[in-house]
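By the count of the working numbering, the sequence shown reaches residue 472 at its end, each step adding exactly one.
Calculated directly from the structure, the hints in this document are not laboratory data. Fair warning: there could be bad hints in the mix.
Unchecked claim - Taking lysine-lysine pairs in the DSBU-like style, the calculated list, with each CA pair at most 35 Å apart, reads:
{"#": "1", "residue 1": "LYS152", "residue 2": "LYS3"}
{"#": "2", "residue 1": "LYS112", "residue 2": "LYS169"}
{"#": "3", "residue 1": "LYS393", "residue 2": "LYS269"}
To be verified - Listed next, with one range per pair, are the computed distances between beta-carbon atoms:
{"#": "4", "residue 1": "LYS45", "residue 2": "LYS305", "range": "41 to 49 Å"}
{"#": "5", "residue 1": "GLY171", "residue 2": "ARG124", "range": "35 to 43 Å"}
{"#": "6", "residue 1": "LEU2", "residue 2": "ASP74", "range": "31 to 39 Å"}
{"#": "7", "residue 1": "GLU143", "residue 2": "LYS77", "range": "56 to 64 Å"}
{"#": "8", "residue 1": "GLN321", "residue 2": "LEU394", "range": "33 to 41 Å"}
{"#": "9", "residue 1": "GLN415", "residue 2": "LYS269", "range": "53 to 61 Å"}
{"#": "10", "residue 1": "GLU315", "residue 2": "LEU2", "range": "24 to 32 Å"}
{"#": "11", "residue 1": "ILE127", "residue 2": "GLN211", "range": "38 to 46 Å"}
{"#": "12", "residue 1": "ARG185", "residue 2": "ARG405", "range": "26 to 34 Å"}
Quick caveat: nothing in here was measured; it's all calculated off a predicted structure. Glycine is no exception: its CB is placed at the ideal position from the N, C-alpha and C atoms.
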Amino acid sequence: LSLAGLKDKSGVTEQEVVVNGVSPLRLLAQNQVLGLSGSLVGNLEYTSKPLKYGEHGGNHFTVLLRHISHRSKESVFDLVKGLERSGFVNYFGHQRFGNTAASMMPSIEVGKHLSKQDWSAALYATMRAPISACNPDEIKAKQLFEETKDAQAALKWMPQYCHDERVLLDSLKRGMSHKEAVLSMPHARMFKLAYWSRVWNIVASERVRMYGVDQPVEGDLVFDVGNVSDTDNILSPSHLSSFTREGRSTWRFGGHDAVSAPEIRTVTADDVKQKRYSITDVVLPVVDGDVFAVYPSHKVTKALKRLIKADGMIQVLKEGEKSRQRCAFRPLISRARNVSCRLVHYNDRDTDLNDLDDVPYRTEGSVTGSGKWTALQLSFILPPSCYATMLLREIMKLSTHPSDQFRLRLQLEAEEDKQSGLKWQSRLKTLMENRLQFQESQQWSPTQGQKKKRPRDRKDSEPGSMSKVSPKPNSQ
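Taking the hints into account, I'd like the entire structure generated from these sequences.
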């Protein structure tokens, strides 16, 4: 399978996937199995080449925000229009760090130890018992490992959703070294990216704090797109390591060859005076120990190096200076396109408000329905590697961490039930019981207790890997 990027597993998502060596009829037959898990395959067509990661032109989101506070509709629409005009700081969102309501994995700390090649520290950070967890068995399994170092005993208690921990423990049980065990975790690479993404977020905050977001300043790094007008396509792979140390592009931007690919330039005093660049042209380096880093020529670089030194990662960056691959660059500010919104009034929260097919592409907004409660429907397009949760945070002025949103949802829905005259205590109890049942269901697999059959043709007989495939409209 090849695809252009990952999708949020908690959303209703669609994307194109290219499959090699599997007939269309065999693909469609998988819907009998995939439909049970909420996935479907469709809109099939032949293509001559696979997809590459980062090759897509962006992601189209439709989002519903309930419990909008009682303010004038004009102020809500002005907020959305202002965000479309000025953009938002292009932080890596919680998904980048594996932060969910269920996962207690300290991904940033594990990633730091992996980058330093401190394999034992990475292992013990992974297996450190959390203060709280969705399933108490996770705490029990990790406490057992901390006390006894018995991988086999800890594995028996580890919940199924702790996939990385289970793989690590299974590797230790089979006699692998600490290095082999931590590198066997499916998300080991993602943990390293989580640490360096946190570094980028902190540096972005420092850039905003020191110089604001009105315009570039002397010493900033910018993408110089030259005579290429299709900026959206030019910037789409900007989160990838796309340049050699000499600045030669290794990626074909939006159909343009390497000669017309954008160059990285340092803003001069004359550039600022002539207003040659806008704030959306400013980029910051995504540094790590595997690439040669290029830094801005102002105080932000000093803040970055102070942070790296405090984390004991200076030697890691020095190793990256030997690399022939130049670091990736991520835009400081991102802007949404094709933004549309409307307010919807409702009385019963069980009413389906998610049908956005008839939302027009217009930013002046509209109001539909009548009722005591208000929801905001949003539709917008973001470039690749931009996080919708960071855009929503600018609108809500609230944390978008899943655990914070879950608590807020319980609080506000209880208030809804109280004002509606319902027995809201029993409704809260039902919500919690449903959540517990969901957690328990994540520990059960239809294949448990069944003997696995050996596939006759491995290349064309692994339908299990299709569970992440979902249909996408013909347009990319």
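Hints versus structure:
With a C-alpha separation of about 31 Å, the suggested pair LYS152 and LYS3 falls inside the 35 Å cut-off, and the hint holds. Simply put, LYS112 and LYS169 have alpha-carbon atoms about 25 Å apart, close enough for the 35 Å limit, and the pair holds. Annotation: proposed proximity of LYS393 to LYS269 holds, straight-line Cα distance about 34 Å (limit 35 Å). Roughly 45 Å separates the CB atoms of LYS45 and LYS305, a value that falls within the hinted 41 to 49 Å.
Between GLY171 and ARG124 the CB atoms are about 23 Å apart, so this pair departs from the stated range of 35 to 43 Å. Between LEU2 and ASP74 the beta carbon distance is about 34 Å. The supplied range of 31 to 39 Å therefore holds. In this structure, GLU143 and LYS77 meet the distance hint of 56 to 64 Å, their C-beta atoms being roughly 57 Å apart. Checking the proposed 33 to 41 Å range against GLN321 and LEU394 shows it holds: the Cβ atoms sit about 39 Å from each other.
Between GLN415 and LYS269 the C-beta distance comes to about 58 Å, which sits within the given range of 53 to 61 Å. Between GLU315 and LEU2 the C-beta distance comes to about 28 Å, which sits within the given range of 24 to 32 Å. For the pair ILE127 and GLN211, the beta carbons lie near 44 Å from each other, so the given range of 38 to 46 Å is met. Checking the proposed 26 to 34 Å range against ARG185 and ARG405 shows it holds: the Cβ atoms sit about 33 Å from each other.
Of the hints listed earlier, the one the structure fails to meet is number 5.
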